[in-house]
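Chemist: Chain A is already provided as a structure; the job is to place chains B and C on it using the hints.
Residue numbers (the numbering used here), protein chains in the order written: chain A, 1 to 441; chain B, 1 to 441; chain C, 1 to 441.
Hints should not be assumed to be uniformly reliable.
Said to hold, decoys possible - Example chain A residues on the side facing chain C (calculated, C-beta under 7 Å, incomplete): (1) Ala36; (2) Leu213; (3) Ser214; (4) Phe225; (5) Thr237; (6) Ala238; (7) Met241; (8) Ala247; (9) Asn251; (10) Arg320; (11) Phe425; (12) Leu426.
Derived by calculation from the structure, the hints in this document are not laboratory data. Please read all numbers here as calculations on a predicted model, not as lab measurements. C-beta atoms are modelled at their ideal positions from N, C-alpha and C, and glycine is treated no differently.
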Amino acid sequence: METKIIIDTIWVLLTAKLVFFMNLGFAMVESGFARAKNCVNILSKNFIVFAVSSLGFLLLGWGLMFGDGNGFMGLKGLFFASGLDNSPATGEAYKGVYSSIAWTGVPFWAKFFFQLVFCGTAATIVSGAVAERIKYVSFIVFSFLMTTLIYPIVGHWVWGGGWLAGKGMFDFAGSTVVHSVGGWAALAGVLLLGPRFGKYTNGKINPIPGHNLSLATLGTFVLWFGWFGFNPGSTMTADPMAISHVAITTNIAAAAAIMSSTVLSWLLLGKPDLGMTLNGCLAGLVAITAPCAFVSVPSSIVIGLIAGILVVLAVIMFDRIKIDDPVGALSVHLVNGVFGTLAVGLFAQDKIAGVATGNGLFYGGGTKLLFAQLTGVVAVAAYTFIISFVAWAIIKAVMGIRVSLQEEIEGLDIGEHGNAAYPEFLSRKPAYSFLGTKEDK
Amino acid sequence: METKIIIDTIWVLLTAKLVFFMNLGFAMVESGFARAKNCVNILSKNFIVFAVSSLGFLLLGWGLMFGDGNGFMGLKGLFFASGLDNSPATGEAYKGVYSSIAWTGVPFWAKFFFQLVFCGTAATIVSGAVAERIKYVSFIVFSFLMTTLIYPIVGHWVWGGGWLAGKGMFDFAGSTVVHSVGGWAALAGVLLLGPRFGKYTNGKINPIPGHNLSLATLGTFVLWFGWFGFNPGSTMTADPMAISHVAITTNIAAAAAIMSSTVLSWLLLGKPDLGMTLNGCLAGLVAITAPCAFVSVPSSIVIGLIAGILVVLAVIMFDRIKIDDPVGALSVHLVNGVFGTLAVGLFAQDKIAGVATGNGLFYGGGTKLLFAQLTGVVAVAAYTFIISFVAWAIIKAVMGIRVSLQEEIEGLDIGEHGNAAYPEFLSRKPAYSFLGTKEDK
Amino acid sequence: METKIIIDTIWVLLTAKLVFFMNLGFAMVESGFARAKNCVNILSKNFIVFAVSSLGFLLLGWGLMFGDGNGFMGLKGLFFASGLDNSPATGEAYKGVYSSIAWTGVPFWAKFFFQLVFCGTAATIVSGAVAERIKYVSFIVFSFLMTTLIYPIVGHWVWGGGWLAGKGMFDFAGSTVVHSVGGWAALAGVLLLGPRFGKYTNGKINPIPGHNLSLATLGTFVLWFGWFGFNPGSTMTADPMAISHVAITTNIAAAAAIMSSTVLSWLLLGKPDLGMTLNGCLAGLVAITAPCAFVSVPSSIVIGLIAGILVVLAVIMFDRIKIDDPVGALSVHLVNGVFGTLAVGLFAQDKIAGVATGNGLFYGGGTKLLFAQLTGVVAVAAYTFIISFVAWAIIKAVMGIRVSLQEEIEGLDIGEHGNAAYPEFLSRKPAYSFLGTKEDK
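Extracted from the complex, chain A is given alone in its bound form:
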């Protein structure tokens, strides 16, 4: 077989594996930022979600996203990814029903695997925001809907040859397609769920610290590592200049965001909060995901700096408006997914790593690209939020989405799973001081 196909396949598979590994990162960040009594539940959610995604994306998601169809959705080869396809043939030689992704010359299952891990990422983003009060079974059902009906449709619009691609919207590795989609779906769930018991009482915001910052830090490192698959891998071909460029813009944006979030939290909170530093890193990574291949290294510094500031302000803002997001998923993925997508319209430089995006606003390209990006942001927001809200609402009506108050207070680990994450360690149960209860055992 042609050497280029071999090399591209290695690249696509290895970077996909790195993205798969991000599931560990999410599991550790989310459980670390939550309380010990809900740890098993969070681990379970983050573990099973990739299994659900794998089956859901195989069953229907892939076909809806990449099947030949109209601007809104795929219509051919819908089920079990079993449509005709002679990959790795490309161009004229390609015969099959998944034309929109026929540009990358790798075998069919390599394409599927790479796209699957992205779908799984979108689904797992949801789990953090709804943590510590959602019913396990309801989360599983939503994840299935997410990976069969929600993510693939939006994915089709942007990456599957749909109407947003036609509008000239660019989202290199998924600030919108993956991160803001995960964020909007999470927001819908959070609004229907309401805040955790004890989070907002008598006009006060009660901080609920995470139980294990070692795990949260571990998870963030793993995510940063995995992002070196997420962004450079999104070339889906081993173009040396592009993948090197993307690796650096990705890393530099993360570094800049770490600094700005740390400094800002130091200024606002008096001390450099580790949680803000970690979420700053993730914010920079999310923000650079759309523009990583379209902007210069200096621009990646600016994008990162802004992302780090946005995430700190967003965390504070969501708390003020009583939207309870235990791990900051909305501030990281939704806010910075939107910002990163718009940043393409601001900072893009035509063909900087080979892609003809045209220039963004700051490089003399006017508002054309920015407008296309904004169209994408708004359209994706509307579709994802509405469909997700409906999905969550149906689940709520049919089986409920929130555990009982009793179970929430005692912890979802025992209630949902009959397990304890750390049965031997004596723990200080977080007191609900506003109830007048004391710390017990």
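Modeler: Frame of chain A; chains B and C shown alone:
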């Protein structure tokens, strides 16, 4: 040097590194599923075992496994992997004493490294089943025997051009060679060791929960990640169609097994036990290891579903017959190693990813392949179990294999290592309620 | 683009990612070996240090290290890595100001990324030795100096075409350039900081056990894994024979060092201490880093065995002379960085993996190579230690380097960050028994 050699070497080395990383996975799964008082001991065993494997496989294991010899064992180039070898030459051009692995065109040390990490995996599987009562030094000695005399002989039969390969038995990445070998060796040890103090009392099975499910989950994710080296890497050549196919069957089987083990534990135990979900994942991965390159994606779903059911039933069954396996290693690696090997005989489709296996029973191939697989299962079982039993028995006679009851109750960490894993955290020592003792600090 | 460029770029980027991942390893080893009350601080340091390194190396480090200049430092293209450069052109075709690294035919940003992760490693080594008493802001400032002014200068001498390269000194992957530089910088800091409160009292050495050996073990596995990027990647070209050879010498040295450090600690301390085993592994890896491509596999066993012995003795020795290094960073990186560099002069065999080093002392090459290595060791020691000492002294004068005694006793997590790593777990605060205080809650 030829481009193909360069690419294949990169592929073999990078996937070998992923398999190496599985050592971390095993360490975290096993320590997480055990009690805190034995945590240092388990970490130590899982850490040193790869060092012992590295030296043992270099000293003798490689030569016995791949040296030219007879159907039973290698006879040439036995010691220090120092026989004549002009790799990466292949075919007619190959001159050397390791002909059975001359089919892969990579440098000698790349072959050695890849095979070493598999040997290390077989050895580390043992450690979980014998955990919480085995003497450290005895485990080290057994590991050395495992990697010099046990694993390499069986490996020779199947992968070193030995008699089982001649019978037409297929084991793509080692459901038998690695996993069931590890499982049989562990079973022999468990039978000689006996159950942990307090596990079975007065006809009751006392659950002994793991001390840290965060680590166990982390470890399972790492193993799943590493399996993307284990299975696709076993091509030992970057064949795009094969490695893409194997990546997907591997992942889909894991996903299906996660779902079936979760659902079955939900039905049987009333709640979805996280430990069952994690072991379900591993069971699916073990089961697909032999057939990953020989079966279709739909077949991988079925294999995974069955594996997830088998592991739950096996965990319950081993407890009923009082075989005490703290982490479920036998249910995962032995039971599903056997099942996966037989699954080749059932689900194989000739040349589905390029290899001429013939069809399995379910695809019209009759029982020929199934019988070859069964022969392999039985022969490997007999050899491994008997030799391991003898090895454990000799170690028991010479130096003992079990720590004192006093040490077992107080924990192996202090007794064997003089360390505590978490010296600052106050812990609830698991009570031996049947003795009438109470929980103490 | 030429196939070789594509392949080399993949190799360089993927191995660089593995080296990046070592940041996680350092974070977990260091926090695991320290007390829970300082855990957030250590995590924060290890997290932000790579952000600082990324920006510092981009701003100035790269230019000083690889810019064309004199034997002492780079002078062209100093700032923002923005000098002229037409990589991946090599040889005659290269046009640019970073000639010393023009031998590797990969795109500019791939070179930068690979070198950046090495710079980051040198910086992060410092953090362990100064842990549990250093001010957060002071560490950040030092890290910035380290990655802009200290590491790049020495790096220029050896890898940037500077005067030590001209002397015939060889340091394949950085026993000197990365590890001993990190070690000398740390030593300077440790001397100015002094030991932790309570470590040495009334002539007694008080052991201060780490709070979480699970994390420390996890971290060491991650570092071992990352080293398979660190050493084999330092080819910066996918030479099959060289990268396979280096992977094996690296692994075998680690394995041998694990065995010798475990056995020696067993003999000296009565029991096989896990901390010694883990540091033994790291010692072997550091020691083989310089010679990995220049020595045979049997030599790598010997080098590993010696490294494992050295690290145990060094840990004991540093405690005797009251140099307080909470995690053993000096024993691992400094002592074995020096030893590994000298080992090239002893064990090198000319062209064993392709490089014309000449033979070392033990292979009939006389003392020529050994002398060049020794020159490197001394010169790097002098420069790094002196500059680092001055830098630390200035920081101390300007902003202080040590937290208050009160804060040190209560823990840096609350004092520096306002966070607690494990707010729910009840802990036994290590008692300062010499003060007559008792353990309190």
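Chemist: Report holds or violated for the interface hint on Ala247 of chain A, using the least CB-CB distance to chain C and a cut-off of 7 Å.
Modeler: Check passed: Cβ of Ala247 of chain A comes within 5 Å of chain C, closer than 7 Å.
Chemist: Would you settle whether the hint for Asn251 of chain A is holds or violated, based on the nearest Cβ-Cβ distance to chain C being less than 7 Å?
Modeler: 6 Å, holds
Chemist: For the hint on Phe225 of chain A, does the least C-beta distance to chain C fall short of 7 Å?
Modeler: It holds, given that the least Cβ distance between Phe225 of chain A and chain C is near 5 Å, below 7 Å.
Chemist: Checking hints one by one. Is Met241 of chain A an interface residue toward chain C, by the C-beta closer than 7 Å rule?
Modeler: Since the shortest Cβ distance to chain C is 5 Å, the answer is holds.
Chemist: Min Cβ distance, Phe425 of chain A to chain C: is it shorter than 7 Å?
Modeler: 5 Å, holds
Chemist: Does Arg320 of chain A hold up as a contact with chain C if the rule is Cβ-Cβ below 7 Å?
Modeler: Violated, because the Cβ-Cβ distance from Arg320 of chain A to chain C comes to roughly 20 Å (cut-off 7 Å).
Chemist: Against chain C, run the beta carbon of Thr237 of chain A and see if the smallest gap drops under 7 Å.
Modeler: 9 Å, violated
Chemist: Verify the interface restraint on Leu213 of chain A: the C-beta must sit less than 7 Å from at least one C-beta of chain C.
Modeler: The hint holds - Leu213 of chain A has a Cβ within 7 Å of chain C, the shortest such distance being about 5 Å.
Chemist: For the hint on Leu426 of chain A, does the least C-beta distance to chain C fall short of 7 Å?
Modeler: This interface hint holds because 4 Å falls under the 7 Å limit.
Chemist: Does the closest beta carbon of chain C sit nearer than 7 Å to the beta carbon of Ala238 of chain A?
Modeler: 5 Å, holds
Chemist: Does the nearest C-beta of chain C fall within a distance shorter than 7 Å of the C-beta of Ala36 of chain A?
Modeler: 5 Å, holds
Chemist: Given a cut of 7 Å on the nearest C-beta pair, is the interface hint for Ser214 of chain A held or broken against chain C?
Modeler: 6 Å, holds
Hint check: violations occur at hints 5 and 10; the rest are consistent with the structure.
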